[in-house]
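Between the sequences and the hints, there should be enough to build the whole structure, so can you do that?
Last residue of the sequence shown: 166 in numbering that gives the first Met the number 0, with the numbers rising by one and none dropped.
Calculated directly from the structure, the hints in this document are not laboratory data.
One thing to keep in mind: the hints can contain errors.
Straight-line Cα separation of at most 27 angstroms, BS3-like style, residue types lysine-lysine; simulated pairs [to be verified]:
| hint | residue 1 | residue 2 |
| --- | --- | --- |
| 1 | LYS125 | LYS67 |
| 2 | LYS130 | LYS53 |
| 3 | LYS124 | LYS67 |
| 4 | LYS130 | LYS42 |
| 5 | LYS67 | LYS130 |
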Amino acid sequence: MKTNFLLLSFMLVLLIGTSCDDKQEPTQTGSPEPNYVSHSECKNKKSGSTGEDKSQDCITYSYQADAKMLTLTHKNAAFNCCPDSITVDFSFIGDTIILSEAETNGDCDCLCVFDLNFTIGNLEKKAWIIKVIEPYIGDGEVLLATMDLSNEINGEFCITRNYYPWE
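Written as structure tokens, this is what we have:
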């Protein structure tokens with residue numbers, strides 16, 4: 000009986016000693032909560048939009064640490080000029096956030112650039128990789144960048160696209 004008590008005491012001390020590692024990285028509590036908010040009107044030249052460099056395919060971001068809320072805008076995302084809807088699927092793989100953009104029933108014979116707005120709630124303040132899967136980039140470069148929210152809570156990253164509809 001005394002042996003069982005000593006063995007149990009030793010296991011308890013071992014368990015307490017190994018669970019008090021204060022060097023652990025903070026972990027994500029709960030799942031991120033993505034939300035596709037809205038998109039702008041078509042920003043092609045015929046609509047009278049002037050002064051903006053539409054060759055820049057960009058992601059801008061802003062992080063509110065107290066709310067754990069990331070606000071993103073995909074500037075100059077290309078879609079059909081008159082889609083029934085624009086959709087975005089969000090995937091979280093490790094430290095990578097993947098935005099897969101698509102449209103439904105693009106019936107016009109033209110492409111336009113739009114600004115898309117997103118939020119991601121319950122997102123930890125750390126380094127994240129953002130990858131945007133766009134329907135009309137062809138063999139072009141994927142919009143991909145790292146944002147380190149623990150060092151910079153606002154930022155922008157862009158790719159120059161010199162082909163239709165970005166030109």
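- If you draw a straight line from the CA of LYS130 to the CA of LYS42, is it 27 angstroms or shorter? holds, 23 angstroms
- Compare the distance between the alpha carbons of LYS125 and LYS67 with 27 angstroms, and conclude whether the hinted pair is satisfied. This hinted pair holds, its Cα atoms lying about 11 angstroms apart.
- Query: CA of LYS130 to CA of LYS53, is that 27 angstroms or under?
  - Reply: Roughly 20 angstroms separates the two Cα atoms, so the pair holds.
- Query: Is LYS67 close enough to LYS130, meaning Cα to Cα at most 27 angstroms?
  - Reply: holds, 20 angstroms
- Item | Proposed proximity, LYS67 with LYS124 (alpha carbon, max 27 angstroms) | Satisfied, since the Cα-Cα distance of roughly 7 angstroms is no more than 27 angstroms.
The earlier numbered hints are all upheld by this structure, with none contradicted.
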